[in-house]
Amino acid sequence: MIPLKANIPTRSFPVITVLLILANCSVYIYQLSLGSMGRHLIYALGAIPYEFTHFTNMPSYPEVAFPLTMLSSMFVHGGLFHLGGNMLYLWIFGVNVEDSMSHWGFIVFYLLCGIIAALSQILASPNSVVPMVGASGAISGILGAYLLLYPRAKILTLFFFVFFVKMVEIPAMFVLGFWIIVQLLNSTRTLGSTGAGGDGVAWMAHIGGFSAGLLLVQFFCRRKISVH
1 MIPLKANIPT
11 RSFPVITVLL
21 ILANCSVYIY
31 QLSLGSMGRH
41 LIYALGAIPY
51 EFTHFTNMPS
61 YPEVAFPLTM
71 LSSMFVHGGL
81 FHLGGNMLYL
91 WIFGVNVEDS
101 MSHWGFIVFY
111 LLCGIIAALS
121 QILASPNSVV
131 PMVGASGAIS
141 GILGAYLLLY
151 PRAKILTLFF
161 FVFFVKMVEI
171 PAMFVLGFWI
181 IVQLLNSTRT
191 LGSTGAGGDG
201 VAWMAHIGGF
211 SAGLLLVQFF
221 CRRKISVH
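For the sequence shown, my numbering begins at 1 and goes up steadily by one.
If you're looking for bench data, these hints aren't it; they were derived computationally from the structure.
Please note that a few of the clues may not be correct.
Heads up, simulated BS3-like pairs for lysine-lysine below, C-alpha to C-alpha not over 25 Å straight-line [unchecked claim]:
(1) 166 - 5
(2) 166 - 154
(3) 5 - 154
Work out the full structure, taking the sequences as your base and the hints as a guide.
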């Protein structure tokens with residue numbers, strides 16, 4: 001099930017959402033330009049739980065002080081599909097959430113959700129030396145906010161099962177409800193592990209970001225918008 005488009009029009013141009021997408025894409029292009037050194041960038045800018053729980057930079061990657069990697073990690077991605085999936089969700093859901101806030105409020109909300117997401121994964125895997133990278137924690141916060149603001153919005157979704165493929169409009173509450181259930185089920189496999197999941201996904205970061213979005217949106221939203 002892949003969301004493609006929401007049916008809620010915006011009242012203003014989503015400047016911050018567009019800038020965030022451009023920033024993430026620019027970092028990825030720079031990462032590709034480094035060739036084999038691109039992996040080094042992931043370790044240098046990624047948030048490594050061990051560094052935070054032991055208050056030290058790992059000697060192999062001292063370029064960025066570990067508190068700052070909480071922010072830098074949000075703009076680094078592990079591959080094209082990782083980037084593409086995150087930017088798709090950021091565009092579909094971010095434009096409406098930004099529209100419900102001020103532009104400055106939205107960027108603060110986004111970064112706070114990303115930080116809380118990273119902290120959630122650090123608490124779940126305190127001794128992990130695997131760098132966390134990607135915008136998915138912050139975007140999870142956007143999904144949490146969207147669920148409260150636009151639960152009845154219709155999301156054009158590509159639904160597929162084996163050979164059955166169809167595009168259907170599904171209420172946001174079901175799309176996002178299905179998404180959070182997947183995160184919760186997968187997170188049970190990773191608690192207390194020394195890294196992300198066996199598939200390399202920081203599931204607890206998604207849950208932490210989503211929860212942050214649910215809690216913080218009321219402090220940033222300028223108005224409650226209901227869709228009937």
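Each hint, compared with the structure:
1. 166 - 5: holds, 14 Å
2. 166 - 154: holds, 15 Å
3. 5 - 154: holds, 8 Å
The structure shown violates none of the earlier numbered hints.
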